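For the record, the sequence lines run as chains Y and U. By the working numbering, the letter at position 247 of the first sequence is numbered 247, and the numbering carries on one by one without gaps. By the working numbering, the letter at position 44 of the second sequence is numbered 1044, and the numbering carries on one by one without gaps.
Worth flagging that the hints you see were computed from the coordinates, not collected in a lab. As the structure is a computational prediction, the values presented were derived from the model and not from experiment. Since no wrong hints were added, every one of them can be taken at face value.
To be clear about the criterion: a stretch of chain Y counts as covered by chain U if any three or more of its residues have a C-beta under 8 Å from a C-beta of chain U, and this derived list gives those stretches:
1) 52-59
2) 65-78
3) 155-162
4) 192-200
Simulated restraints on C-beta separations:
5) Y/GLU375 / U/ASP1012: 47 to 53 Å
6) Y/GLU13 / U/ASP1012: 57 to 63 Å
7) U/PRO1075 / Y/ASN345: 28 to 34 Å
8) U/GLY1023 / Y/GLU79: 29 to 35 Å
9) U/LYS1034 / Y/THR332: 22 to 28 Å
10) U/LYS1016 / Y/TRP54: 33 to 39 Å
11) Y/GLY311 / U/LYS1016: 37 to 43 Å
12) Y/LYS323 / U/HIS1076: 48 to 54 Å
13) Y/ASP191 / U/GLN1038: 20 to 26 Å
14) Y/ALA103 / U/ALA1047: 31 to 37 Å
15) Y/ASP12 / U/LYS1016: 53 to 59 Å
16) Y/MET121 / U/ALA1047: 36 to 42 Å
Beyond 12 Å from chain Y on every Cβ pair, some chain U residues (computed):
17) GLU1003
18) THR1006
19) ILE1007
20) GLN1008
21) GLU1009
22) ASP1012
23) ALA1013
24) LYS1019
25) ASP1020
26) SER1021
27) GLN1024
28) LEU1039
29) PHE1040
30) GLY1041
31) GLU1042
32) ARG1043
Yeah, the Cβ is synthetic: ideal placement off N, Cα and C, and Gly gets one too.
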Amino acid sequence: MADKKRSTPKLDELEKGEWPSFVKEIKIAAEKNPMANDLLGQLERSYEEKIGHWKHGGIVGVLGYGGGVIGRYSDLPEEFPNVSHFHTLRINQPAGWFYTSDALRKLCDIWEKHGSGLTNMHGSTGDLVFLGTRTEELEPVFRELTELGFDLGGSGSDVRTPSCCCGMARCEWACYDTMALTYFLTMHYQDELHRPAFPYKWKFKMSGCPNDCVAAVARADMSIIGTWRDDIQMNDSAVTEYAKSGTDIQKDVVGNCPAKCMEWDGKKLKIDNRACVKCMHCINAMPKALAPGKDRGACILIGSKAPIVEGALLSSVLIPFIKFVPPYKELTDLVEKIHEVWSENGKNRERVGEFIQRVGMGNFLEAIGVEPIPEMVAHPRENPYVFYEEYFEEESEDDKNA
Amino acid sequence: MAEQATIQEVSDAMYKMIKDSMGQKKWKATDLTKAVEQLFGERCDKALIKSAIRDLIESGKCVYTYFGGSFIEIPHKEGAEN
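All chains, full assembly: derive it from the sequences and hints.
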């Protein structure tokens, strides 16, 4: 039975309007869960005082694991005793976020029994997130989760739960099987996922095409994004249909091409595929007429992160094109080399992108044994990483003679 | 070629390092790895060190903690809970 209902005039403002409201959801949970009721009280206090009242981190976890539980404590435990512990659990989501409704019901039953009953579906890491439980409930939750066939995800300085778009399961643009690769990486890196062994977090994110629906390029230490090597597939009669039905191909398709590689004469669309940067704009604008090429694979990029310790970074190209074939040995060999170099030389809380910035991409490539090539771009049309040592050697010879 | 150290030897050495510097230094897995590599030299490799860390954690002698990054510590009553 929940405690006495709390007065929440400020939070009530966030229930108004037609849209879903987190306040409404917490209030529903608070009717039968004292944790959710105290959460409302503490949150109202934060709105009044304009400060948060959470403490973060600590020992919490389950035996043997160093990830999956994020310790959270109230700094007002006397006033809000039911949220004095309010730990978060990350549950490793199935690739592409596919669940049966039965599995979801059982997961929710576990959480109503052991926690606040509040969830994030899903957190920005990709995991299914259980919000708010006490330290003594962690082992029982973990036991019931594993009996149901689920496991904790990553947190801290470990391999974070790999995540991907729905790929070939639901999308015609997928250039490789994101879900198979995500499943493989999750299994292959189980030890690194549960036992933090790195200078800081390491994220794999897999997108099936350059639309990048999981925003891998902006968030993942290693972004694996589908692409193609041959020409965009084009159906001329479907292009004509788009024009007839009112699409302004010149303005909305050709005019928005960042590579300026398209021409439209009012009858025929021409694409200079050698200049295409695979931005997907034209394909998205006319999906019945255009499609990625048939020679499909993925591009591996490295080094993006959100701005926590230092500023935000976007990924840059490491391997321009790779055909993924199980058991993905080429990929795991590459990752192993990167992990070794970064673990040996990275500073505490230094993401691999920041490490590369500090040591220089040239030195990083040499350390991991990858030859620099012109396609290793930071963004289209720019490559700041290739240095022509022969040229500099010749120049210094000339300097000597001068 | 020197005989390889045992998991127990390495995990005991790690435990001593953590215990002796408790309250002064927090150890990351990478720091422990480098320290025991130096201590045991050719007698241990990365796979052995990984097993020793796992032994340390699964025996309950040490736990993972999180303070901005992940550390390995001797279990204690944590400050945040107070």
